[in-house]
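With the sequences and hints as input, model every part of the structure.
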Amino acid sequence: MTTKRDTPSGRLCVQAYSPYTGTSWKHEWRESKSSDFPGQFLSIVKALEQEASNIVNLVEEDERQAKIRHDEWEIQQQKWCREEDEKKRIKNVKDSKNELLSIIETWADTKRIDEFFKDVELRAQDLSEKNRHTIEHRLMEARELLGTLDALERFKTWKSPMNRE
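Those letters in the sequence shown? Residues 0 to 164, per numbering that gives the first Met the number 0, in order.
The reader is advised that the hints may include incorrect statements.
[To be verified] Label-pair distances were calculated between CB atoms; the ranges are: (1) 16 / 87: 45 to 55 angstroms; (2) 18 / 42: 15 to 25 angstroms; (3) 46 / 10: 41 to 51 angstroms.
[Claimed, not checked] Each computed EDC-like pair below joins lysine to aspartate or glutamate, with the alpha-carbon atoms no more than 16 angstroms apart: (4) 25 / 48; (5) 110 / 152; (6) 90 / 27; (7) 158 / 98; (8) 87 / 152; (9) 86 / 164; (10) 45 / 27; (11) 25 / 50; (12) 155 / 70; (13) 117 / 140.
Bear in mind the hints are in silico, worked out from the structure with no lab data behind them. In this text, a Cβ means the ideal position worked out from N, Cα and C, and glycines have one as well.
Take a look at the structure:
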């Protein structure tokens, strides 16, 4: 049976890596034979000094890419804000128009009802006093039932598209 296991070899290994986010630089130096590691220190230091400029370039490239991503994100946010503003503007126009049409319908109903009551009052003038009082009483009850039908009051509360939030 074959198994793979990490077993200590007794040899040293130095591992260096870039600690900066967005960079993936890593290098390992292993001892080739026991106790020869002190002789490699100078070459390790030289290699690290040479790689320092590469790591700086990697960090700068990552920062440049991050700025590009951030700029793209800001542009997208501005686009979404403009789209939301346009949707809101369209909704405000639609809501304002619907409210105004409702007020106009109420006004038409109010005019029709008012004309009806005036016509009944006018015709009641030709009736006998007893019948006229009966009709006038019924007109009063009908007006109380319908309540106030003032379209002008509703129009005063109407909000134009610019007055909506």
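Hints and how they fare:
1. One distance hint, 45 to 55 angstroms for the beta-carbon pair residue 16 and residue 87, holds here, with the actual separation near 50 angstroms.
2. Separated by about 22 angstroms at the C-beta atoms, residue 18 and residue 42 satisfy the suggested range of 15 to 25 angstroms.
3. Distance hint check: the CB atoms of residue 46 and residue 10 are about 19 angstroms apart, inconsistent with the given range 41 to 51 angstroms.
4. Simply put, residue 25 and residue 48 have alpha-carbon atoms about 14 angstroms apart, close enough for the 16 angstroms limit, and the pair holds.
5. A hinted pair counts as satisfied when its Cα atoms are at most 16 angstroms apart, and residue 110 with residue 152 qualifies at roughly 14 angstroms.
6. With a C-alpha separation of about 63 angstroms, the suggested pair residue 90 and residue 27 falls outside the 16 angstroms cut-off, and the hint is violated.
7. For the proposed pair residue 158 and residue 98, the alpha carbon gap of about 8 angstroms is at most 16 angstroms, so the pair holds.
8. For the proposed pair residue 87 and residue 152, the alpha carbon gap of about 27 angstroms is over 16 angstroms, so the pair is violated.
9. The hinted pair formed by residue 86 and residue 164 meets the criterion: a straight-line CA distance of about 12 angstroms does not exceed 16 angstroms.
10. About 14 angstroms separates the Cα atoms of residue 45 and residue 27, which keeps this hinted pair within 16 angstroms; it holds.
11. Restraint check for residue 25 and residue 50: the C-alpha separation of about 10 angstroms stays at or below 16 angstroms, so the hint holds.
12. For the given pair, residue 155 sits about 47 angstroms from residue 70 by alpha-carbon distance, which is inconsistent with the 16 angstroms threshold.
13. Taking the CA atoms of residue 117 and residue 140, the gap is near 15 angstroms; set against the 16 angstroms cutoff, the hint holds.
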